[in-house]
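If you read the sequences in order, they're chains A and B. Per full-length UniProt numbering, the very first residue in the first sequence carries number 1; after that it's consecutive. Per full-length UniProt numbering, the very first residue in the second sequence carries number 1; after that it's consecutive.
Some clues are possibly wrong.
Any copy will do: because identical chains look the same in the list, a pair fits if it lies in one copy or spans two.
[To be verified] Computed list of lysine-lysine pairs in DSS-like fashion (alpha-carbon distance at most 30 Å, straight line):
| no. | residue 1 | residue 2 |
| --- | --- | --- |
| 1 | Lys111 | Lys186 |
| 2 | Lys184 | Lys118 |
| 3 | Lys184 | Lys139 |
| 4 | Lys118 | Lys76 |
| 5 | Lys63 | Lys111 |
| 6 | Lys63 | Lys91 |
Please keep in mind that the hints were generated in silico from the structure rather than gathered at the bench.
There are 2 protein chains.
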Amino acid sequence: MIPVPQGKPEVVPDDGLTTRQRRTQPITAVHTGPGKGKSTAAFGLALRAWNQGWPIGVFQFVKSAKWKVGEENALKVLGASGEGGSVTWHKMGEGWSWVQRDLESSEEAAKEGWEQVKRDLAAETYRLYVLDEFTYPMKWGWVDVAEVVEVLRNRPGNQHVVITGRDAAEALLDVADLVTEMTKVKHPMDAGRKGQRGIEW
Amino acid sequence: MIPVPQGKPEVVPDDGLTTRQRRTQPITAVHTGPGKGKSTAAFGLALRAWNQGWPIGVFQFVKSAKWKVGEENALKVLGASGEGGSVTWHKMGEGWSWVQRDLESSEEAAKEGWEQVKRDLAAETYRLYVLDEFTYPMKWGWVDVAEVVEVLRNRPGNQHVVITGRDAAEALLDVADLVTEMTKVKHPMDAGRKGQRGIEW
Numbered sequence: 001m002i003p004v005p006q007g008k009p010e011v012v013p014d015d016g017l018t019t020r021q022r023r024t025q026p027i028t029a030v031h032t033g034p035g036k037g038k039s040t041a042a043f044g045l046a047l048r049a050w051n052q053g054w055p056i057g058v059f060q061f062v063k064s065a066k067w068k069v070g071e072e073n074a075l076k077v078l079g080a081s082g083e084g085g086s087v088t089w090h091k092m093g094e095g096w097s098w099v100q101r102d103l104e105s106s107e108e109a110a111k112e113g114w115e116q117v118k119r120d121l122a123a124e125t126y127r128l129y130v131l132d133e134f135t136y137p138m139k140w141g142w143v144d145v146a147e148v149v150e151v152l153r154n155r156p157g158n159q160h161v162v163i164t165g166r167d168a169a170e171a172l173l174d175v176a177d178l179v180t181e182m183t184k185v186k187h188p189m190d191a192g193r194k195g196q197r198g199i200e201w
Numbered sequence: 001m002i003p004v005p006q007g008k009p010e011v012v013p014d015d016g017l018t019t020r021q022r023r024t025q026p027i028t029a030v031h032t033g034p035g036k037g038k039s040t041a042a043f044g045l046a047l048r049a050w051n052q053g054w055p056i057g058v059f060q061f062v063k064s065a066k067w068k069v070g071e072e073n074a075l076k077v078l079g080a081s082g083e084g085g086s087v088t089w090h091k092m093g094e095g096w097s098w099v100q101r102d103l104e105s106s107e108e109a110a111k112e113g114w115e116q117v118k119r120d121l122a123a124e125t126y127r128l129y130v131l132d133e134f135t136y137p138m139k140w141g142w143v144d145v146a147e148v149v150e151v152l153r154n155r156p157g158n159q160h161v162v163i164t165g166r167d168a169a170e171a172l173l174d175v176a177d178l179v180t181e182m183t184k185v186k187h188p189m190d191a192g193r194k195g196q197r198g199i200e201w
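In isolation and in its complexed conformation, chain A is listed as follows (with noise of 0.2 Å):
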């Protein structure tokens, strides 16, 4: 048969650890770019998540009436079906569940957001983390990137993060251990073909 991949490390590192600890270190992947997918792929990676039986929370940067509802209404059901992990989601265009007033803009909604991603990492809330467009905040200089990385890297126990979004800062590329680039090649919509049911969201 066609052979499986094997996942074998083109370098063996003298870190001292064992291959069973190293297994098990926690992931922090980006998927940046200008392609489509980057998204799509991180809710792809919660359904692995979900199977191992792990806590998702997912936390919605941009706010999007109806770009991520196919994703959101399938986590969701996967996530109350008691056979895999919980899903718990939270979206910043409908105001974060966890806050109680009214936030003045867009600004303070993504600082929010994540105080709360900061408290929730604290607290090992979770053991995937998906920061849906959470590039774009820091591209905006609403939430600073050097707290960010700081913040990643001394985070506690094995919490797996995934951070979404054109532009990714090169500290956070840095702080990455998985880093994807999606290219466009081609769209539809050079075509001149608008987004469609069940494609684009």
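Following the hints, complete the assembly by docking chain B onto the known chain A.
Leaving out everything else, chain B in the frame of chain A:
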């Protein structure tokens, strides 16, 4: 609030179609390149299709013991939930479910998988087809690229097809509406770390 992407086409084509007609054209998508996320993004797309209530057919063209079990379990639970579309999962590695006899080789198995895809496309069995790792049987000359292009181009109805795998043939990219290349920027295995549960599978 932060602006929502409007999905505005750059060009309005002179094809005599209405926006509504253009919105319901079948999409052929290819996820290729050496980076991670090709299959993961395809399964993420399946979440949207599921949310639309569409029947989904997954065909895994490469034998794989554990690498996509998370996605498979999740999509099967979703398919059985009664809330969205159905999910039918076919695996070459365990013998295609519709084949009653033992197949001699991987080549024969891949050819048989493609024959079934052709039958299903002709019968309009599914609304979304995930042909996972299907670039490889084409690359290895087991399945004829020109025939795949021909079948995709002439398929009836409104059936979406997503093909994943490295080294997609030029002719396939030509017929595709949406091509995303996943580029590896950084990967934990480069630093000698091993694949781990919940992340790699």
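Check your understanding: In ascending order, which of the hints set out earlier in this document are inconsistent with the structure?
Key -> Violated hints: none; all satisfied.
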